[in-house]
Amino acid sequence: MSKLTTVEPFGDGFVSALCPELMLFAGMLLLILIPNLGRGTFRIPGTQLRLPWLLGGTRFKFTSDPRLPAWIASITLGGAFLNVLYIFSQGLERVSIVSESGKELLLVNGFSRIFELIFFGALALAAFSSMNRLQVKGIGSKVTEQELYNNRRQADFYILMVTCALGMSVVALAQDLFVLFIGLELASFSTYVLVAFLKESKVGVESGMKYFIVGSVASGVGLYGLSMLYLWAGSLQFTVLAATFAESGTTALPLIGIGFVLVGFGFKVSAAPFHFAAPDAYAGATSPVAGVLATASKAMGMIGLVRMLLIVAAPESSDGSAVWLVCLGAMAAITMTWGNLAALGSDNPKRMLAYSSVAHAGYMLAALTAVGAWNWDAAVSGDASAAAVAVMTALLFHLVVLVAFKLGAFLVLSILESEGGASRLSSLGGLAKREPLLAVAMFIFMISLAGVPPMAGFLSKLLVIMGIVRVAVGDMGAEIADGGIYALGDMHWVWWLALLMVINSAISVFYYLRVVVVMFFEEPEEGREGPLPNGWQVRVAILACVLTTVLVGIAGDSLIRLCEMAAQSLNYNW
Amino acid sequence: MQDWISMPLVGFPLVASIVLLAFVSNTNESMRKRLSDPIRMASLLFSLILLTFTTGMFFQYFGNVSWEGISFNNYEFTHRYTWIESLGIHWTVGLDALSFPMVWLTTFLLPVTIIATWNEKNGAVYFPILLAMGGALIGVFVALDLFMFYGFWELTLIPMFFLILKWGGKDRKYASQKFFIYTFTASVVMLLGLITLYFFQDPVNPLQYAGSMTGRTFDIPTITQHALMENSNGNWYLGANIQKVLFAMLMLGFLVKLPAVPFHTWLPDAHVQAPTGGSMLLAGVMLKMGAYGMFRLPISLFPHALQYFQFVLMTIGMVSLVWGAIVCLGQTNLKKMVAYSSVSHMGVILIGIATMQPMGWAAALFMMFAHGIISPMLFAVCGAFKHHYHSMEIGAMRGMAKHSPWLATSMMFAWMASLGLPLLAGFVAELMMLIALWYFLVAEGWSVFWMVGPALVLAVTAAYYLWSMQRTIFEGGDETQPPTSLDGEPIPDIANPEKLAMIILALFTIVFGVMPWIALDMMHDWTIQIFEGLILPILGGFNGGA
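So the sequences go chain by chain: Y and R.
Residues 1 to 574 in my numbering are what the first sequence lists, from first letter to last.
Residues 575 to 1120 in my numbering are what the second sequence lists, from first letter to last.
No farther apart than 27 Å at their CA atoms in a straight line, the calculated lysine-lysine pairs in the DSSO-like style are these:
no., chain 1, residue 1, chain 2, residue 2
1, R, K960, R, K976
2, R, K695, Y, K433
3, R, K695, R, K607
4, Y, K433, R, K752
5, R, K607, R, K960
6, R, K1073, R, K740
7, R, K960, R, K1073
8, R, K607, Y, K433
9, R, K744, Y, K433
10, R, K747, R, K960
11, R, K607, R, K744
12, R, K960, R, K695
13, Y, K433, R, K740
14, R, K747, R, K607
15, Y, K3, Y, K103
16, R, K695, R, K744
17, R, K747, Y, K433
18, R, K695, R, K752
A short, non-exhaustive set of chain R residues, derived as facing chain Y with CB atoms under 10 Å:
no., residue
19, K740
20, L766
21, P777
Selected chain Y positions facing chain R (in silico; Cβ < 8 Å):
no., residue
22, A390
23, M466
24, V473
To be clear, the hints were calculated from the coordinates, so they are not data collected in a lab.
Note that the Cβ used here is the ideal one computed from N, Cα and C, for glycine as well.
All chains should be built: construct the whole structure from the sequences, respecting the hints.
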């Protein structure tokens, strides 16, 4: 474990520690500034002298290109992503950003870095492939006022993408519930607008509205819980909260407060029963945005859950088995089953993917439950801390690779969407004939989601199941070798979550295969024959997703180690 | 020693298929049509190279390995590469007398399948998929690492799914999905069993090839070695309760794949809808994955549990045997009848396993092998029937002996081989199974009424095969009454490539019927080894005909 350095805001080392975030900030400023550069002039009052002012007025040819914001956002997000990768290759450092009054605000460590990787990767891919998705009309020819307005508006879209990434990484860094909440709201409000961005389509506005209202209620409940926690502990610092919880955590006030905070995060990860807005939001949003909701936004919610459940209401403060264990286990079971069953019945591929992401949330909650049980019985869970790290590694690994195949699937739908809708399964019909390589890519994403080897989805599901089973079994093997007698019932009950998970994976194959069957078996819909709309950017993004899915599936060792490093840095009790 | 397995046997067909598929993926239809000829030739060439390889291995040309007398849990051509070090996952390959016949069978069936379905439509894609199927199947048999084993186990589903989906019959959509979901469900339960087994290893004693993160290993030889030590000390490996649970979980995956009644319902659908080539590989090799897996994992690791579940397995085997045969009687669809006869024959394998006798096991192994040659011939006949008469109904074509002598002869031969005519391969296995069963019943004091099942099935099998032959080959040789499904077209006989495939299959059925020891010797050696090492210590001195 590297040494912890403490840095004051804007002190030494501040820039190097928060370099990716500062890059985003700079990119955001550029996004506001550059598209507004033009031949604007400023008249000195009282004179006829006009000085070139460069802001406003007739735009330069370069700055009037409606694709410019997309490029700036992609380069910013991609640069931040590469920066994080570079930091990983240079070895991690732990930097704590502490306010003048000594409060720890942000903590940069492996855990936050891996989430930055997820957020920036997902948003960079989404921004890059949105270039084809948002319609650009009338370049070069005469531009109507409406078209000009639409083109100008594109800058807003990409600014929101960057602010979304910024808010998410603040969530990952936050060491204070209040800072975390600010980041959460920054990211949430960006996603509300991103979902409703296509205001020309009724679906978009409706789903944006719905997502906004439900999300606000969830945030409000979370905020209420936060204030209860403040009332109880007198602080919102995670360290203080955790220490106070260890003393007097099992009283009503903190438990209710934590429960309320969990509602807020439960909505973000779309855990049942807070998932109702998710399918509508995914179906109404443009596909790249829906992909961001299903990957990066979910990872952000997961951070909240991890911080609240594993750091504040830590299992070790209540003898190994956390107070929330049964509750979360039930939630995991309900979420994965509900998501899968609902996905079976949906004909809209985006809703189907939304429900499948609910199911995936269930798998992740199951992993979280297993972490909560890490030290369940001192007699048999000998190397428990390693088991806890293993489950956490699996969770992080799952979140990372999810970006590749979940977002990839949404990007494939995005191409169909720019052709005029991907709201029915039949719009995928005949994809194998129309564009074989795209169909193969979608096939890879689908079987990866279903967890079929040798794709990354299999490895991640395997790791999660392995983690759960490891916690459940503990050191029984060694005990048996020494003559102990154990039965199935002696394992911790989280083992049954693993069983439910594999059964659910089997159910999920139904709807993933249905997509494959439609692509390879059915004829294209009328008016949809022939090649799909062009757009090399989205295809490049899909290619990146396919390569990640396959390569990580075949050789995932280094990524597993990366995630293990990140998991170890989360909690020093392990 | 040179690694003769990883690249030459597993990687080569998979890579070749991916390269060929990538080559045709961006071509239009007419180009694809023109490409199908060279790609077919290339696929045939590749598969023949594979066959040469495995045959060379058999004749000790490569590696100079004697296949007879390989002891239990010893493997030839072993190679181990680190794959995912943190979890203890290695790319481990190796062959023993259990897996080598299956690998040879796969490489033997690949070229035969290509020849038998020489004129399959959209050949530029079809033949590479066959190659991929072969590579994945070989991967299952050579894998000596649980992760790798499971990976290839699931990988075989993908090419087969596409074979059924793209080249299948009318209900191919339903059949392919049912096939995939049914077997996938069983194998994820098996996966959980494997993982639970993985974590029940004792991490305190340093394990060979253990993962740095978990302290356990996926390495099959290492796990088998530990299990063997525990079991032969008189203890149950992992304790009685856990062993039973894990045995049941693993067996579920293998029983569905085998398939055994009541998990067999995917098989008739898959077979009826699958194209001929798919059926040949499905029946010939893919079903054997189930029996192979049983020997490799649950039986080798949990012999106590095997004894505990002996009655259950014997019952399932007997029910499969009888039920499959009786259902055959009622079939009007030729392919469905053959599919159910496969269920019946897989029952023979299960009974052989349940006897816990070296001879019963050798019978099971030889049945896997013999059925792997006979059933492709059955399906090749069915495919030719369908191809030429556009119908699978048994009554659709009568008097075939007159119209299509080649097809009639092949059918008769295949049917006879399948019902166990002496001097053909199937007979050897069935006879051995009957002897082993008889011996077992007497020695263990079980009721002799268990023999009623096989005896009944002998009669029923003869009945359905002879009856279907009577209705297709002989009856009503009136040339004025061609099959209605032909719409008055002239009645053709089978094409030359099909004839060639039939001849090859028939030839090998005879070869292994007359000289079964070619394959049987190594199998019998292996079963005696595993019996003495594994079962005898449990049975406590009882020498079951070793």
